[in-house]
Amino acid sequence: MPLDRKDLLDLDDFSSDEIMLLLETTSAMAEILSRPIRRVPTLRGKTIVNMFYEASTRTRSSFELAAKNLSADLVNVSASQSSVEKGESLVDTMRTLLALGADMIVMRHWEAGAPYLAATQVQASVINAGDGWHAHPSQALLDLYTVQKRIGRIEGIKLAIVGDILHSRVARSNIWGFGKLGAHVTLCGPPTLLPPAVLDAYETLPNLTLSYDLDEALQDADAVMMLRLQRERMAGGLLPSLREYSARFGLNRERMGRAKANALIMHPGPMNQGVEITPELAYSVQSVIEEQVAHGVAVRMAIFYLLAGTAERLA
Amino acid sequence: MAVSGKVLLQAEEIRRALLRIAHEIVEHNRGAADIVLVGIQARGAPLARRLAASIEALEGVAVPVGRLDITLYRDDLDREHFRPNVRETQIPVDLARKHVVLVDDVLYTGRTIRAAMDAVMDYGRPRTIQLAVLIDRGHRELPIRADYVGKNVPTARREVIELHVSEIDGADEVFLLPASQEQA
Amino acid sequence: MTGINNSWVIRGARVIDPANDLDAAVDVLVREGTIARVGRALQADAPNLDADGLVLTPGFVDLHCHLREPGLEYKETIATGTQAAVRGGFTTVCSMANTDPVVDTPATVALILARAQAAAAARVFPLAAVTQGSWGTQLVEMAALSEAGAVAFSDDGLAVADARMMRHALEYSLLVGKPIVDHCEDPELVQDGVVHEGLTALRLGLRGRPAEAEETMVARDALLARRTGAHVHIAHVSTQGSVDIIRAAKRQGVRITAEVTPHHLTLTDEIVARKLNENADAALAYDVNAKVNPPLRTAADAEALIAGLNDGTIDAIATDHAPHSENDKLCEISQAESGISCLETAFSQVYQLVRSGKVTLPTLVSKLTSEPSRVFGLPTGTLSPGAPADLVALDLDATWTVDPDAFASKGKNTPLAGATLPGKVAMTFVDGKIVHAVDRFQQRGAR
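Chains as they are written, first to last, in our numbering: chain A, 1 to 315; chain B, 1 to 184; chain C, 1 to 447.
Fair warning: there could be bad hints in the mix.
Listed next, the in silico SDA-like pairs over lysine to any residue satisfying Cα-Cα at most 20 Å (straight line) [stated by the list, open to error]:
hint	chain 1	residue 1	chain 2	residue 2
1	C	Lys329	A	Val91
2	A	Lys149	B	Gln90
3	C	Lys412	A	Val91
4	C	Lys329	A	Gln121
5	C	Lys412	A	Thr120
6	C	Lys275	A	Asp4
7	C	Lys275	A	Gln121
8	C	Lys329	A	Trp110
9	A	Lys149	B	Arg87
10	C	Lys329	A	Thr120
11	A	Lys68	A	Ser56
12	A	Lys68	B	Asp122
13	C	Lys433	C	Ala24
14	C	Lys275	C	Leu330
15	B	Lys151	B	Phe175
Hint data in this document are derived by calculation from the structure and do not stem from the laboratory.
Required output: the full structure, derived from the provided sequences and hints.
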């Protein structure tokens with residue numbers, strides 16, 4: 001079964017079969033990473049552009065390594081300023097990249113929806129590497145792969161996603177990914193960062209629940225995903241203080257005792273240790289935070305492999 | 001699956017051919033030491049396991065068996081814009097200084113073997129790479145030949161050869177099909 | 001294609017003229033650009049115009065459109081905007097003041113009127129700003145602007161954010177007896193919101209503009225109008241809460257009027273998340289052409305707006321025609337300009353409400369003609385003898401497909417591209433002159 005689509009923008013429109021194909025292919029790619037020479041010639045002659053409108057070390061280098069492991073040519077373009085300030089529009093930039101011969105464009109953007117605009121404007125495949133608060137599908141896929149590999153299944157597991165759900169693209173994509181594969185997902189955070197209407201927004205996912213009590217959310221969980229708390233949330237009146245947030249929604253060993261024994265601890269990084277998670281837990285045996293990073297490369301290799309060439313075929 | 005075509009090899013003939021190849025491998029390498037059998041996915045993999053069993057029966061040595069998916073080394077991915085699923089690769093030992101015997105069902109253009117050799121090289125520097133195939137149907141496009149051949153079968157390019165193995169297909173048989181159906 | 005001295009006897013149509021409480025199959029006699037008589041089997045020496053099968057109404061009156069001239073001619077001009085108007089059946093348009101420069105001096109009003117005189121296909125009545133430069137800090141010279149021809153005052157595009165400024169604007173407007181038109185959205189609650197704060201915003205990860213941003217300001221304006229006794233007109237009402245507040249204020253006798261746009265009546269925020277293609281599983285898109293302020297709301301809001309239209313809470317349908325160039329829209333959604341180009345689709349959009357039985361045709365026509373004219377005190381929107389012969393003939397059985405490239409407006413920004421809509425404007429008359437006719441009626445006019 002080929003992946004019959006040009007772009008990877010979010011998991012909301014992916015079938016569970018397509019997600020499983022991505023995870024199986026990730027498994028094959030992970031084997032390459034265990035070899036003495038971690039490089040296959042698959043995408044020789046293909047040009048991949050990393051177009052990052054927002055700073056990112058982790059995701060950018062992960063896509064970069066994935067591209068290089070598949071022997072693609074990679075160009076890193078960073079535009080820390082908005083396209084408007086730069087004076088060149090996003091669409092013009094995309095067309096320039098296409099003229100330069102880009103086959104695939106990996107895009108990180110501060111604005112939700114920007115990769116969708118790009119995808120409609122260029123023939124190249126567009127891979128969303130995170131758009132505003134909206135989506136981060138490759139992160140969700142690596143989270144799915146991490147859980148699949150550690151627990152052996154996604155269906156029926158209980159996952160708690162904790163923190164700033166409202167502003168989290170990681171949470172949004174994981175809600176779709178884990179939801180579609182049949183996990184029970186509980187969202188947990190303060191009401192300013194987790195509006196009750198979230199459940200209505202994802203009404204097609206029956207196994208989604210919401211809790212304002214971390215202990216309740218952690219009860220019998222198979223995995224816990226802690227989200228990064230942006231410190232600027234304090235200024236906007238969304239939170240009174242880090243201390244209060246940490247007291248109510250920070251993960252520590254005592255609270256973790258409510259989850260299943262050996263439940264996984266995940267974090268998309270970068271962590272605020274001492275705020276959403278204690279350092280002790282971040283580096284505990286239950287933590288798979290470093291594994292998540294390692295799996296990121298394999299997941300992105302799978303994405304590149306499955307999307308390469310589809311843009312021309314579908315055109 | 002229902003296949004209508006001429007039967008080239010029956011189960012018993014396949015068994016005998018593999019046994020002969022096992023003998024030849026041992027003879028050629030003066031024993032079973034330092035041999036690693038690597039089956040090319042999908043149907044080379046069970047053949048490699050059977051060869052290993054025969055060699056162990058002959059020599060009393062357990063030969064390491066790996067399986068190799070060459071999808072990521074194919075030279076036709078871009079041309080066809082198709083994306084075959086990537087199957088599992090498993091190489092159980094370091095291949096450096098080993099005699100690696102690649103095992104496949106049908107030798108045809110040689111492109112699969114070229115890809116497999118590239119892949120094997122990425123696992124280390126073997127002392128030799130040898131090739132064992134059940135069927136050699138000719139029409140090579142690269143300067144590649146097999147060291148061990150079960151049966152040479154002259155074919156037309158339009159024709160298709162299909163091997164069934166009991167591990168995957170429920171029975172051992174080799175068919176010659178009159179074109180149209182694509183060779184996987 | 002003109003009658004002798006713009007004179008006609010238009011025969012065979014169903015004539016709806018809410019100003020005169022008329023809905024009957026009658027003839028309309030137009031003499032030298034003016035309505036002469038409306039009645040059965042009129043005898044006259046003017047040429048006959050066969051309008052058999054059509055509905056004839058006064059030309060539509062739009063209280064709220066952006067003609068962009070002066071200063072933003074790359075988006076629209078008075079010429080192209082009024083061409084779009086007459087194609088959409090609008091013969092009277094009130095142009096908003098957020099041009100460049102903002103309409104805050106009598107000279108700018110005079111300029112617009114002169115440009116309209118020279119190039120407009122429809123009647124143009126300019127609004128002036130409430131505050132100088134629409135900066136919200138100093139009132140415009142309402143008396144001078146009123147004398148120059150401004151029909152109302154609005155900082156539209158922006159709210160009059162400062163409550164004290166709004167209070168004084170209302171007080172001072174009593175001097176000229178013309179309404180203050182407010183774009184009600186509290187900037188503090190809106191922040192940099194992009195779409196309605198609702199499920200679509202949550203799904204798409206977009207910043208929301210809450211309904212309360214509008215409602216708190218509508219309530220504020222209603223209270224200030226009650227205190228001052230001045231006339232406040234609420235532009236583009238979009239929420240159920242606003243309808244409730246306006247209804248309550250009207251019951252108390254507050255001089256408050258309100259308008260609603262075709263898109264807030266017929267579309268919801270979900271259209272922002274329109275799919276990239278027909279495939280049901282296709283990715284969500286971010287349709288910048290559905291980005292408008294105030295934003296498209298929910299189905300419940302649309303229902304409440306329709307109820308408000310029916311019970312008189314909302315006086316008029318106004319287009320808020322907001323043309324933009326392609327580059328204004330082809331960018332990240334928060335960077336994209338807000339607004340919908342809708343003069344040419346407006347009638348068909350709201351006619352859908354008649355088709356679905358939610359609004360009667362006479363009510364709809366009143367909200368497009370007599371009612372808006374009453375709100376701003378305009379001389380059009382009626383077939384009374386002596387009124388200008390501004391007329392529109394509607395082919396209600398026709399359907400058509402929206403093709404923005406075929407718009408007369410320079411603004412191709414509509415979320416309705418490709419949609420099939422019911423009801424078509426067959427002919428439009430200004431001063432008895434045919435200013436728009438679809439092909440087959442051009443021949444009728446020539447006969």
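How the hints compare with the structure:
1. C:Lys329 with A:Val91: At roughly 11 Å apart (the allowed maximum being 20 Å), valine 91 (chain A) and lysine 329 (chain C) satisfy the hint.
2. A:Lys149 with B:Gln90: Since the Cα atoms of lysine 149 (chain A) and glutamine 90 (chain B) sit roughly 17 Å apart, the hinted pair holds (cutoff 20 Å).
3. C:Lys412 with A:Val91: holds, 18 Å
4. C:Lys329 with A:Gln121: Holds, at about 13 Å.
5. C:Lys412 with A:Thr120: The hint holds at about 18 Å.
6. C:Lys275 with A:Asp4: Within the cut-off at roughly 17 Å; holds.
7. C:Lys275 with A:Gln121: Cα-Cα ~15 Å, so holds.
8. C:Lys329 with A:Trp110: Measuring from Cα to Cα gives roughly 18 Å; hence the hint holds.
9. A:Lys149 with B:Arg87: holds, 17 Å
10. C:Lys329 with A:Thr120: Answer holds: lysine 329 (chain C) to threonine 120 (chain A) is near 14 Å, not above 20 Å.
11. A:Lys68 with A:Ser56: This hinted pair holds, its Cα atoms lying about 18 Å apart.
12. A:Lys68 with B:Asp122: holds, 15 Å
13. C:Lys433 with C:Ala24: Distance of about 23 Å is beyond 20 Å: violated.
14. C:Lys275 with C:Leu330: Holds, because 17 Å separates the two Cα atoms, which is no more than 20 Å.
15. B:Lys151 with B:Phe175: holds, 13 Å
Hint 13 alone, counting from the list given before, is not met by this structure.
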